[in-house]
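**Q** For the protein sequence lines, the chains are A and B, in the order given.
If you use our numbering, the first sequence closes out at 572, no skipped numbers anywhere.
If you use our numbering, the second sequence closes out at 777, no skipped numbers anywhere.
Calculated directly from the structure, the hints in this document are not laboratory data.
Do not take every clue at face value.
Rough simulated footprint, nothing fancy, chain A against chain B, three-plus residues with beta-carbon under 8 Å [claimed, not checked]:
id	stretch
1	645-656
2	727-738
When the alpha-carbon atoms are kept at most 30 Å apart in a straight line, the in silico DSS-like pairs for lysine-lysine are as follows [to be verified]:
id	chain 1	residue 1	chain 2	residue 2
3	A	K189	B	K653
4	B	K647	A	K189
5	B	K711	B	K647
6	B	K711	B	K661
7	B	K671	B	K711
8	B	K582	A	K307
9	B	K661	A	K307
10	A	K362	A	K475
11	B	K647	A	K307
12	A	K189	B	K711
All C-beta atoms, glycine included, are put in the ideal place defined by N, C-alpha and C.
Each chain, written out:
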Amino acid sequence: MTQTELTGAKALWATLSAHGITTVFGYPGGAIMPVYDALTFYPEVRHVLARHEQGAIHAAEGWAKATGEIGVCLATSGPGATNLVTGLADAMLDSVPILAITGNVARHLMGTDAFQEADITGITLPITKHNYVVRDVEELPRVIAEAIRIARSGRPGPVLVDIPKDIQLAPYHGEITAPHARPEIPAPKPEAIEKARELLQDAKKPVIMVGGGSLDAAAEITALARAWDIPVITTLMGLGSFPSSDPLWLGMPGMHGSVAANRAISEADVLLGIGLRFDDRVTGRVNGFAPNASIIHVDLDAAEIGKIVRTHVPVRGDARVAAQMLAEGAQKLDLPEWREKIAEWKTRTQEPDHWGAGYAVKAVVDRLRPDDILSSDVGQHQMLAAQLARFERPRRWINSGGLGTMGFGFPAAIGAGMAEPGVRSIVIAGDGGFQMTAQELATLKKYDVRNVKICIINNSFLGMVRQWQELFHEKRYSEVYLGDSNPDFLKLADAYGVPAYRADCAEELPEAIDAWLNDPKSSLLEIVVPNEHGVFPMVPSGASLSEMIETEPPRPTPGIEKNTAAEEAKNA
Amino acid sequence: MTGNFDPGQKDHLVSALVRDEPRVLTRITSLFGRRGYNIRSLSVGSTEHPGLSRMTFVVTGDRGVVEQAMRQLEKLHDVVKIIDHSLEKFVDRELVLVKVAITPESRVEVRQIAEDFRARIVDVGRHALTFEVTGDEGKITAFIEQMRSFGIIETMRTGRVALTRGSNADIPSHVYHEGETETLRPVVEAAEPRETKAGGVPNLF
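In isolation and in its complexed conformation, chain A is listed as follows:
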């Protein structure tokens, strides 16, 4: 094909192809049809047809979170574009590099409330890192290249490019824009590192806390922690940035964090935070967070430093370089008292020993292999998985941390599974969240994805909401019972041609897990658990980390609530 035969749509695919984009998740519609038509000329790009645009963008996020590379999704104008909104907000809060391409009505119709017109750049302004409307076809490849650069550079994030239909059809005469080089991340200032090092040297109760921004610095952070012999806490987003098998690992901080992590934060005199943004689910009440600690905050994003917590030593720059610089000349700290305290706190971790959601999640995550990718949806099962799963390396744990998007887990697991077909992509979901994107079972079937393993922890409730109602709303279980109307998940899977297994009790579980994991195809496992289980430890919303409830409060009559709520729901 000669250059003169290119259209905007073909120039789009050629540019994506030049950037090494191999897979795009999307859903066609009227205003993006020229792009889908042009796709037939670019067999090197695989298009994955989701069953809902939300499924497409979460799959792109799963791809991006597993690989660290950009995830690309495609949608038509109006309703197609607005269906991406949740995924864009999710990617924004979790700093996921996403390129979202939307069609729009032709330029002469824009602003006239034309059929399927929505001002998607206006709508997504606050939930994208940047967005564009392409108004000149000759600009299209340049805009796409720039969008990819913005999405991947610095603190990654979603970028949306809206392309009017007439631009897609217009002849394109220019060259195809080559990929931009990745801009260099600024190195931290040596004075800042020196200041941080001085604090660490004099520390009596130091702790390192790493977040989602440290995933690509895992090796350097691990070396740093071992060189100083300082315990490490990994946030929900940072799980895997430090090996769980290392004795220095204290678990996850925050609302459902470990006793060791939260007590260590509350008592620490120096807290070295790397690549984290001190989310309220991590800090609890901010003025009670690390009250005795001098805080060193390493972050790429200057706006995060001092945004939530007071920072004693700001270190702006690349986490990898910062960790390397901080490790230079380190000597192991001799802190027997601190170690003793931590050892005692670590014994207060309780493994679930009786049948329930925690028991089920533990049985599943105990079967994880180091390469397996574990995704979760949002809710109790997510917190249980985060507490119980063990990760030796980063990018093996995929979940919606910032936005807490129900429906995220399953499509994200499909995206991750497609990105790494050689590894198992296991997703733990609840009965509520799974149904928000359950139609993506069709995507599994269509592409014969064989490595996605779905586990539904079915407690017949919106479990986390129920837990809050139990603790903070005097057990008024308002509109959280699902058991009377849940589908038969095995039949649902069967309808899509996905093999499915079920376990109802602890005795059945090992065999069911074996059958599920050993199935050569993607398969589903439903684990039916009692519904009264809560997730503990827990820091109540608005409390400080030191006010953590360590264990589940005793229940005078286990199981009663289930029956009452179920009866009430039936009688209502």
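Given chain A's structure and the hints, the job is docking chain B onto it.
**A** Relative to chain A, chain B alone:
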């Protein structure tokens, strides 16, 4: 008029050089709105560089709030440079149109006061005079106060515009600047005065 902005003051004068592209103003004002920063005045105009506009805004808040706002702003792709005028000597101006009610008795006095302020008459009516006043905020406020007793019918202020003094057109962005800032000043040193160096604490960015 010149000034050195007092960092303790509630209003902060900030300029931004931004790309002249659609939605830039929306993007910036939506960022302010979403994060709860209050803009007291905002002026936008083109610059000597094609494709670049300059915005001057007055943000209300304490020093930390303003620095956070500036850092959030600088993350935007459209924002090329942020200048915090509290860190440099600057000139600023505001233009206001003031329509003052007049009577045959007050007419002369109003004109006399206007002359003292070097206000120009831009419209003459039977019952009103419209003045154009240019100057810093204090001058304009003083003029309006003087006219208040005669009866102000309406006013329109442009909002402040500002430039740094001197010939330094290319000063670096003030977000990652080398000078001292409140939230990025190491608290450790503040807590341990013995370590504080003369001439202020270095910014660690």
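**Q** For each hint, tell me whether it holds in the structure or not.
**A** Comparing the hints with the structure gives:
no.	hint	verdict
1	645-656	holds (count 5)
2	727-738	violated (count 0)
3	A/K189 - B/K653	holds, 21 Å
4	B/K647 - A/K189	holds, 20 Å
5	B/K711 - B/K647	violated, 35 Å
6	B/K711 - B/K661	holds, 18 Å
7	B/K671 - B/K711	holds, 17 Å
8	B/K582 - A/K307	holds, 19 Å
9	B/K661 - A/K307	holds, 28 Å
10	A/K362 - A/K475	holds, 27 Å
11	B/K647 - A/K307	holds, 14 Å
12	A/K189 - B/K711	violated, 44 Å
Consistency note: the structure conflicts with the earlier hints numbered 2, 5 and 12.
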